[in-house]
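Chains A and B supply the protein sequences, listed in that same order. Note that this note's numbering has the first sequence beginning at 492, numbered continuously upward. Note that this note's numbering has the second sequence beginning at -15, numbered continuously upward.
FYI, nobody ran anything at the bench for these hints, they're computed from the structure. Note that the structure is predicted; figures quoted are calculated from it, not measured. Note that the Cβ used here is the ideal one computed from N, Cα and C, for glycine as well. Hints are supplied without guarantee of correctness; some may be wrong.
Stated by the list, open to error - Okay, the calculated beta carbon distance ranges per label pair:
#1 A:560 - B:60: 32 to 42 angstroms
#2 B:40 - A:532: 21 to 31 angstroms
#3 A:574 - B:68: 19 to 29 angstroms
#4 A:552 - B:-7: 20 to 30 angstroms
Unchecked claim - Calculated pairs, PhoX-like style, for lysine-lysine (alpha carbon to alpha carbon, straight line, at most 25 angstroms):
#5 B:6 - B:81
#6 B:49 - B:81
#7 B:57 - B:41
#8 A:500 - B:86
#9 A:586 - B:81
#10 A:586 - B:74
#11 B:81 - B:-1
#12 B:41 - B:86
#13 B:49 - B:-1
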Amino acid sequence: NAGVTQTPKFQVLKTGQSMTLQCAQDMNHEYMSWYRQDPGMGLRLIHYSVGAGITDQGEVPNGYNVSRSTTEDFPLRLLSAAPSQTSVYFCASSKPGLAYEQYFGPGTRLTVT
Amino acid sequence: AQRVTQPEKLLSVFKGAPVELKCNYSYSGSPELFWYVQYSRQRLQLLLRHISRESIKGFTADLNKGETSFHLKKPFAQEEDSAMYYCALKGGGSNYKLTFGKGTLLTVNP
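Using the sequences plus the hints, can you model the full thing?
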């Protein structure tokens, strides 16, 4: 098992550019989520999904879109990057009924200039 | 609304000293509380949860509903305990969301 994988590891964008952060898991977990980690702010939930075809907003969803067409994949899209989106992004997954035990990916460090 | 507060951004202790990382929460129902840890260059991972009342790597945490706290304790800190620690809360029922505190960076000095 690869667990939760994220690509890319690092990315630099210019303001206004768009990109997709990829997240995949091979553990057949139904629950997946995206967080951003900022110094002094901890982890904040962006979007989450309880299964294929079902997504919902977290604490800081503005500027981000998600979709869940398969159980394995949960991409995060930045439609028009802003410097405020400079952060480290983590994807996580968990089994249904065990949402507290989230398995995290290695993270994507994004810089928007 | 659910909220988790970790009042200390940084905590520094010497090896062998006791350590306590504070966590307070706000939630109207019956919460589930957890501690996650992120060692340098490693992924964030679950350390322990209050329901299991277990000791992991010498750490324990007791849920105090009266004081709405879930402090993480270890009697004798080790250098390998140096890491970022996050307290997290899960609401009851089918609420899948975890709310994390802002984290405490623990440094254990030799």
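Going down the list of hints, with the structure as the test:
Evaluation of the 32 to 42 angstroms hint for residue 560 of chain A and residue 60 of chain B yields a failure: the beta carbon distance comes to about 50 angstroms. The hinted range of 21 to 31 angstroms is satisfied by residue 40 of chain B and residue 532 of chain A, whose Cβ atoms lie roughly 26 angstroms apart. Distance hint check for residue 574 of chain A and residue 68 of chain B: the Cβ-Cβ separation is about 24 angstroms, which falls inside the suggested range of 19 to 29 angstroms. As the Cβ distance of residue 552 of chain A to residue -7 of chain B is approximately 26 angstroms, the hint placing it in 20 to 30 angstroms holds.
For the hint pairing residue 6 of chain B with residue 81 of chain B, the CA-to-CA distance comes to about 21 angstroms; that is within 25 angstroms, so the pair holds. A hinted pair counts as satisfied when its Cα atoms are at most 25 angstroms apart, and residue 49 of chain B with residue 81 of chain B qualifies at roughly 20 angstroms. Restraint check for residue 57 of chain B and residue 41 of chain B: the C-alpha separation of about 11 angstroms stays at or below 25 angstroms, so the hint holds. With a C-alpha separation of about 23 angstroms, the suggested pair residue 500 of chain A and residue 86 of chain B falls inside the 25 angstroms cut-off, and the hint holds.
As the CA atoms of residue 586 of chain A and residue 81 of chain B are separated by approximately 13 angstroms, the hinted pair is consistent with the 25 angstroms bound. Distance check on the hinted pair: residue 586 of chain A and residue 74 of chain B sit about 14 angstroms apart at the alpha-carbon level, within 25 angstroms; holds. The suggested pairing of residue 81 of chain B with residue -1 of chain B is violated, with an alpha-carbon distance near 35 angstroms, which exceeds 25 angstroms. Annotation: proposed proximity of residue 41 of chain B to residue 86 of chain B holds, straight-line Cα distance about 22 angstroms (limit 25 angstroms).
The straight-line distance between the Cα atoms of residue 49 of chain B and residue -1 of chain B is roughly 31 angstroms, outside the 25 angstroms bound, and the hint therefore fails.
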